[in-house]
Amino acid sequence: MRVVMGIDPGTANLGFGVVRIEGGHMVALDGGVIETASSDPIEKRLSEIHSALSRLIKWHQPVALAIEDLYFGKNVGSAMKVGQASGVTMLAAAQCEVPCFTYTPQAIKTSVCGSGNAAKRQVQKMVATLLNLNEVPQPDHAADALAVAICHGGTAGHRDATEAALAGSAQAMRVAS
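Mind the numbering: the sequence shown is residues 1 to 177 in the working numbering, read in order.
Think of the hints as simulated: they come from the structure by calculation, not from any bench. Mixed in with the good hints there might be a few duds.
Stated by the list, open to error - Straight-line distance between alpha carbons at most 25 angstroms, and here's what the computed DSS-like set of lysine-lysine pairs gives:
1. K81 with K44
2. K44 with K58
3. K58 with K120
Unchecked claim - Derived CB-CB ranges, DEER-like:
4. M80 with G24: 19 to 29 angstroms
5. Q122 with Y71: 10 to 20 angstroms
6. P41 with N117: 34 to 44 angstroms
7. S115 with P41: 39 to 49 angstroms
All C-beta atoms, glycine included, are put in the ideal place defined by N, C-alpha and C.
Please construct the entire structure, taking both the sequences and the accompanying hints into account.
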């Protein structure tokens with residue numbers, strides 16, 4: 001059994017998703033958002049993120065943290081805040097002796113949907129399919145974090161599962177351990 005925690009970094013809303021890989025299947029264990037008040041100073045917000053993530057890591061004891069990598073957009077301020085949240089995430093993981101791995105948005109989309117150009121809604125629907133959920137996880141940041149965890153857990157067997165799910169096969173949950 002392996003437990004992987006995926007992170008969709010942000011200072012206002014940091015998404016987390018925890019997936020267990022056991023017996024060739026992926027199961028969602030937890031998912032949600034760590035919210036901070038935009039009116040608080042950034043150092044307080046980062047401290048809150050660190051504390052909450054540290055508790056989650058200690059509770060779920062993942063073998064790895066997978067983090068969506070920062071991509072540079074036009075808003076430098078937003079990119080800086082995402083980078084700060086990623087840094088605090090890595091610090092919490094390091095303090096709990098859990099290795100971190102980063103994945104680009106394109107790598108996550110390719111792993112989950114088979115295409116690096118997949119739309120956000122396609123990724124979220126595929127997350128629900130791969131984790132055998134009745135509906136897309138909410139809020140969006142939690143679904144995105146579960147996609148990051150699935151990406152890290154992805155192996156050749158997972159690619160097979162993705163292809164099977166896209167074809168509508170009941171074998172969509174098969175994943176190589």
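Going through the earlier hints one by one, which of them does the structure break, listed in rising order?
-> 3 and 4
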